[in-house]
Amino acid sequence: MGETVRAARAGRVAEGLRVYGLIVVMWIKSTMAYRASFVMTTAGNFAATALDFVAILLMFSRVDALGGWTLPEIAFLYGLSGIAFGLADLAIGSMERLGRRVRDGTLDTLLVRPAPVLAQVAADRFALRRLGRVVQGALVLGFALAHLDIDWTPLKVLLMPVMLLSGAAIFSAVFIGGAAFQFVAQDASEVQNAFTYGGTTLLQYPPTVFGKELVRGVTFVLPLAFVNWLPASHILERPYPLDLPDWVAFTPPLVAVACCALAGLAWRAGLMSYRSTGS
Amino acid sequence: MGTGRLYAAVAVGNFRRYATYRAATAAGVFTNTVFGLILVYTYLALWDERPQLGGYDQAQAVTYVWLGQALLSTLAIGGGGFETELMERIRTGDVAIDLYRPADLQLWWLASDVGRAFFQLLGRGVVPFAFGALAFDVALPSDPVTWAACLVAVLLGMVVSFGIRYLLALSAFWLLDGTGATQMAWLLGFFCSGMLLPLNVFPGMLGEVVRALPWSSLLQAPADVLLGRADPVGTYLFQGAWAVALLAAGRLVQSAATRRVVVQGG
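Taken in sequence, the protein lines are chains L and H.
With numbering that gives the first Met the number 0, the residue at position 118 of the first sequence is 117, and numbering never jumps.
With numbering that gives the first Met the number 0, the residue at position 224 of the second sequence is 223, and numbering never jumps.
Bear in mind the hints are in silico, worked out from the structure with no lab data behind them.
Be aware that a few hints might be false.
With a straight-line cut-off of 25 angstroms between C-alpha atoms, the simulated SDA-like cross-links for lysine to any residue are [to be verified]:
| hint | chain 1 | residue 1 | chain 2 | residue 2 |
| --- | --- | --- | --- | --- |
| 1 | L | 211 | H | 129 |
| 2 | L | 211 | H | 29 |
| 3 | L | 211 | L | 235 |
| 4 | L | 211 | H | 56 |
| 5 | L | 211 | H | 32 |
| 6 | L | 211 | H | 133 |
| 7 | L | 211 | H | 47 |
Stretch by stretch, here's where chain H covers chain L in the computed footprint (C-beta under 8 angstroms, at least three residues) [as the list claims (entries may be wrong)]:
| hint | stretch |
| --- | --- |
| 8 | 33 to 43 |
| 9 | 49 to 63 |
| 10 | 184 to 193 |
| 11 | 199 to 209 |
Glycine included, each C-beta is placed from N, C-alpha and C at the ideal position.
Just chain L, with the same shape it has in the complex (with noise of 0.2 angstroms):
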């Protein structure tokens, strides 16, 4: 009986990222029938994206720390940050869409349609011009590496990529989170931009700059922490904020299972919440 559950459900996920990939590539091929708009777009991302590096630069040219913390260093947490939010911003940035279809009632075209509604409504609009962040977050990380004198060890170069997949993954289920949030607030998107855009931006900063109550608040209830403070910490031989013990420097990928399930049971709930506008 159990068995035939697991398949079913493992079923379902497979189903769901075939739906998922095969919207994504059909929003591709539609946004390349206008490659000169793509490209513009994408460039734009980036210099939208790259305006908050620019005021930190701006900082730096009146100062040579913020909070103990020197560019390079900072730089390395913005690029992680950065890079880990773009790529969740990427998968299913389009989720803060869904407020707009409660709304107006068009979430109904995609409950009748044979395939995971979540998968649809990530997939809803892929935009590609959104590797602009990516693109962005990956230079300053660059730019840290290069500036940075770390004393590299196999366990730290196995925690980079690692930290960056969790990363993404805390983020998707913040963006999943705000959408499920949002089938009962319907147009409070702008909730969740507090959430996931206020997010990445704390996290370009060191934990040492924002309040103890802060920190905490996001290191327990919403573990943002997770996505690069800690692990950070651990990699630049920083104290850990809230003096963490060592070993919580490799948990992320922990965190990001139990945020995604967390924010699966939320969206469940969000759905069968659901009632249509009836228009």
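Given chain L's structure and the hints, the job is docking chain H onto it.
Frame of chain L, contents of chain H only:
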């Protein structure tokens, strides 16, 4: 109906229209407060390192952050006012109908945008500002004259912001698709208004250039009046000059554009 009353009615109507989106307003207040919080901590770290940076002390820097959060949507610093609607009307050709109305196109949209701005000031601006003032050490003036002077600078900022975005919207007559122009306006608005970092913190020449541009009327000017760092009359002259120049440019571009409207009259 007198013309003054017509435009007042347009402004009031748009105020009411924005007031109906209650959940969106509450969400905006929440988000502005969260971003204000993050910014305040980074500014405090910056001013810890360099006290009196840009001539502000810590309390003034914190006040600046919360004023920025209050004015962000009021003055549509990153865009997000009437301009998307006007661009859409230009793209579809509906603007032809507006031109037949017995009202001035520019004044009509100005009135509607002022209505929107007042709602955003009360609906989205006051709460984050009050939160900031209660939760942090701020530098607020004690005499009502300075508050009133700041309010006048905000009003002039509304007109300057409108002037910039009116030109932006009219660009749709030539570009049809406003995505690129809107994004540029967003970038310039954030960078040059002082939303990113107070303009007096910008180094050297760059600082002088950005302070001379119209965007400095949006946040830097009202902030310096509120913090008692600028002479109100001089600030008003600067803002007023930009307002007049931008509105006049808007008129010129409008008359050039309306000669093209026949082509788009779908």
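If you check each hint against the structure, which ones fail?
-> Of the numbered hints, all hold.
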